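Using the sequences and the hints given, assemble the complete structure.
Take the sequence shown: its position 241, counting from 1, is numbered 234 in our numbering, and each next residue is one higher.
To be clear, the hints were calculated from the coordinates, so they are not data collected in a lab. All of these numbers come straight from a predicted model, not from anything done at the bench. Treat the hints with caution; some may be incorrect.
Unchecked claim - Distance windows between CB atoms, simulated: (1) 198 to 76: 40 to 50 Å; (2) 74 to 9: 16 to 26 Å; (3) 191 to 26: 43 to 53 Å; (4) 191 to 35: 46 to 56 Å.
Virtual Cβ for every residue (Gly too), placed ideally from N, Cα, C.
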Amino acid sequence: MARVLVVEDDQFVRSALIRHLSEAAHAVRSVGTALEALREVAQHEVDLVVLDLGLPDLDGAEALRMLRGLTNVPVIVATACEDEAEIVRLLNDGADDYLVKPFSAGHLLARMAAVLRRSRPGREEPAGVLTVGGLRVDPLRRRAELDGTVLELTRREFDLLAFLAGRPGVVVPRRELLAEVWQQSYGDNQTIDVHLSWLRRKLGETAAAPRYLHTLRGVGVKLDPPPVRSDVPPVRSDPPPVRSDVPPVTGEAPSVRTV
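This is the structure in structure tokens:
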């Protein structure tokens, strides 16, 4: 878990970022102007800043230089500009990384993880327990449970599960899994498929009938909680209705007619 400050004036984009970062177990604060960002950094401890450059009060590059005058906290700039010279200038001005809009939540989370690793050498990033449905993953203790039962996972299986559990509902491309879980810039997709198959077996599911792990062909993989069943009829507590066509029971024996 990291303490993240989101600096974004577009309310829709800001809400989406807050939602995705919170779902990934990060503690998020957000502001809409550069001056508010400077105040937040001065008054609160922050692990990382996601800085939009199109702010209403200050030029984003100027806001970045002012942030650098206050703190060495890692900054990822979000820009709509793809000009290489501008990106180089931002990196030289103190940005630790950049994202060109539009970008996916998975892409942002992967860039954040990489920046945080570089800013915290030799120290594991603190993280809380990740809960997705009946699945609980504790990254610090490297322990995973499904419906209260401990899962016996290999190191790579746990790393894969923890990475996906930190991004519930987010479709993660295979190349991102290779980069973040296997620490490889390229590789064979079959490696991922084999580990997914082993992980599915331990989660009690199959590719044909997934519960948690869902593969989107040609896109990537996501971890989602299983849907809540709606086909179970409600339990009735009402007493059964009394049938009106059944004669009452009495203590007298029925009379016998003789012919």
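Query raised in the report: Which numbered hints turn out to be false for this structure?
Result: none
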